[in-house]
Amino acid sequence: MSMLEARHTTKAFGSLIAVNDISLSVAPGELRAIIGPNGAGKTTFFNLITGFFPPTSGEIILDGRNITRLSATQRVKLGMARTFQITEIFPELTVHENVRIGVEAASGYSLHMWSSRADATRVRAGIDEILTLTNLTTKADRLVGELSHGDQRAAEIAMALALKPRVLLLDEPTAGMGEQETYQVAGLIRRLHKNSNYTIVLIEHDMRVVFNLADRITVLTEGTMLADGTPQEIAANPAVQAAYLGTAE
Amino acid sequence: MLQLVLFNVTNGLIIGAFYVLMALGVAMILNLSNVINFAHGNFLALGGYLAFVLIPYTGFWVALLVSPLLVGLLGYIIEQTMVRRVYSRDPVYSLLLTFGLSFIIQDVCRYIWGPNGLPLTVPDSLSQGLSEDLFFITGYRIFMMSIVIVSIVGLFAFLRYTRLGVRIRAGTLDLDTVAALGINVRLLRSLNFAVGIFLAGLAGVLASGQIGLNPNMGDDLLLPAFIAIIVGGVGSLTGTLLGGLLIGVASALTTVFWASAQEAVIYVIMALVLLVRPRGLMGEEGMFT
Amino acid sequence: MSATTTAKPGQARLNGRPGVQPSGRPALPQWTTAAVIWLVLLSAPLWLSLVGGYTALASHVVVMALVAMALNFLLGFTGVMSFGHAAYFGLGAYGAGLTLRYLSDSTWFAMLNGILLGGIAGTLLGILICRRRGVYFAMVTIAFGQIFYYIAYRWDDFTGGYDGLRGFSRQPLTFGPWTIDIQGNGTLFYYFVLFVFGVCIALMTFLLRSPFGRTLIAIRENQRRARFLGISVDKHIWLSFSISCFFASTAGALYALLNNFADPTSLHYNLSGVIVIMVVMGGMRSFWGPLVGAAIYVVLQDYISSMTVNWMSFVGLLFVMVVMFFPRGILGMLQRRPST
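Residue numbers (my numbering), protein chains in the order written: chain L, 1 to 249; chain W, 1001 to 1289; chain X, 2001 to 2340.
In isolation and in its complexed conformation, chain L is listed as follows:
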């Protein structure tokens, strides 16, 4: 039984078909990478899955449940967490405060105008756990807006983790990063995958990250799925090589 499944999903904007009949299935605990040239429809596909807009046709199933008609907020509540190409965080709050917003949201406290001692303790425990997991404990009191890209991305992932997600969707997590930071973020993702067993779907351009981390790879080009398989299969696939791997990244 898959954790996340897209069935024949299509998204058309007028006459422009951005996503054309894509079907894929991600197993629980799997790390799936989605790759493809720019404009292949990867982010649009993510937007479909996370509920930015409804598909023109097709369905999206999360852990057995059909979520096609649900709003983005509803999908988040069902366990779908996402990070964005341009890091979306709360810049003028500290790391601790950023994660706290996530934990409080996940605990259903966002509308509470008071806070009991028990609530506060539970929240603090949740925050500490996530900070440890993402190696941000030492930076907890710094403003996220002032951190390095790598740390900002880690903070964004930390917030996503606060939601106790069933699946983590990461849109180009290493975008715009240098060697060191890419290594840092990739390491975090690997830990989440191997140690904590999260189901992760990843859009990436950096092939080293993709081939190092992914269990399976899906290749998109011009809105359609070109290939889908293990890293070895994809690397050996001549069509993929021609369409994508051969061109400069």
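Please keep in mind that the hints were generated in silico from the structure rather than gathered at the bench.
Watch out, some of these pointers could steer you wrong.
To be verified - Taking beta-carbon pairs under 7 Å as the criterion, some of the chain X residues facing chain L (in silico):
#: 1; residue: L2208
#: 2; residue: S2210
#: 3; residue: E2221
#: 4; residue: N2222
#: 5; residue: R2224
#: 6; residue: R2225
#: 7; residue: L2229
#: 8; residue: G2230
Unchecked claim - Calculated cross-link-like contacts (lysine-lysine; reagent style DSSO-like; alpha-carbon spacing at most 27 Å):
#: 9; chain 1: X; residue 1: K2235; chain 2: L; residue 2: K77
#: 10; chain 1: L; residue 1: K77; chain 2: L; residue 2: K164
#: 11; chain 1: X; residue 1: K2235; chain 2: L; residue 2: K164
#: 12; chain 1: L; residue 1: K194; chain 2: L; residue 2: K77
For every residue, glycine included, the Cβ atom is placed at its ideal position computed from N, Cα and C.
With chain L held as given, fit chains W and X onto it using these hints.
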């Protein structure tokens, strides 16, 4: 009864046409630069006052053309020196800026020309009514409507067929791409702003011929302009056109049945639109909604 | 729509605009600042006349500070721009005035009605407004604000129309055997105003420190991220708007009591703009900023309007200066970044 309704519908279309002229100016500036021009009504008044100053020297017809051009020029200068500085910031600042300009222009008009009403002399040829029964359709009103219609048509033609107009439209849809094509976006915004202000000045000259001049004459047109945009749909100039006419006629017809509600009715229409179709009559989904 | 936000991939957009530096911590009341401010406020009647002020002016400052802080709840802490807040202020004033004129002799009852009138109106309108975003939201708030202006203006049998509502005055407060003569004694009335102000501030502080308050700040910082954490952004904005309107109408009720008068200008969008400039001038992101802004504005306006009939130009000039040269406001400029 028929005459009464006809009278009011005519009034409604005339006032609606003014709402449209105002609203189009506000909308152009809003759509391209994301700025709500609070001072629009004051530029309108300024247009009227400048015509008042010019008429003794140049006569009505020349003033009709020159006054809006001068006001538009002022708008251009203001955009270049002040408005452009706040584009990249939180929208609250552009609102405050135009708010402040509104106060200043209003008070300057009051200072120079006094707080009381002044008449604007209009050529005699325009003052006759059409007939005994249709006395309210004076030559001036026909003239006013014609100029307004010509301006509106002219504006749409400008946006459709001239290079500058097409660039402005493209800019409202995707300014990044327009910039990437090498077009001078700063100049585009300035010119767009100037065109919007020109329309306000023109409306001012026309209106003063009908109702006379006073420093606050634009105030009663500003909010209806906003509402015309909201009702018609943000981002759509055709929508703004329809919105303005709709609220104009609605307001005029209301005076027949419940005179005190004539302003309130346009707000009620806006509330209904927001409830039932928040993007407005012709607005696009997802723009601010 | 056409705002250019081309950030490099990966780099977080700070408040949606690339390259903008954080302007410092959003300050929730620190004890020292609060203590100093309360000291100044409580002692005002003692030193006011020495600096050329008078008690009613101080009361005016506190009332405007309250409405400015009410707006800041929405603008500075939730990140949502309402340009029509005068409507709820004005409704508070009319609610209190009309009660004293037609219904009862009780100041408390008048206050209650004022607060409820503005607050409930805001809550209901908020439902229509809370889904809109950006400048569209601002336009809608302005537009709705004007409805009440026209109602007050037109319904002149009841409200006194353009000339305003007269024929009422604040009544002494009675608690059993004790009477506090806020009617005759301006200083006592000042302390009454300060008391109400204090209660409101306490409530605001409490709310801002709660999970709800933190969520509002998160919404200010990044609406998209808030939405993608499962936060119901629209509902939060609506609640914040509603709360803000209740505080604004409280200020309005006090205003009517202060002047024994209510008129349509207290409902007009010109006042809305003034409230915004007070917030911005004092510092949008700071808790006490609006108080500072209100103090400066009220005193300045009082002074200038006694000197020249063209005070409006000066007010306009003030707006322009603040926007161009002091956008972060006074407390905003004084705020230092925390050393890390």
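Consistency of the hints with the structure:
{"no.": "1", "hint": "L2208", "verdict": "violated (10 Å)"}
{"no.": "2", "hint": "S2210", "verdict": "holds (5 Å)"}
{"no.": "3", "hint": "E2221", "verdict": "holds (4 Å)"}
{"no.": "4", "hint": "N2222", "verdict": "holds (5 Å)"}
{"no.": "5", "hint": "R2224", "verdict": "holds (6 Å)"}
{"no.": "6", "hint": "R2225", "verdict": "holds (4 Å)"}
{"no.": "7", "hint": "L2229", "verdict": "holds (4 Å)"}
{"no.": "8", "hint": "G2230", "verdict": "holds (4 Å)"}
{"no.": "9", "hint": "K2235/X x K77/L", "verdict": "holds (16 Å)"}
{"no.": "10", "hint": "K77/L x K164/L", "verdict": "holds (10 Å)"}
{"no.": "11", "hint": "K2235/X x K164/L", "verdict": "holds (23 Å)"}
{"no.": "12", "hint": "K194/L x K77/L", "verdict": "holds (24 Å)"}
When held up to the earlier numbered hints, the structure conflicts with hint 1 and nothing else.
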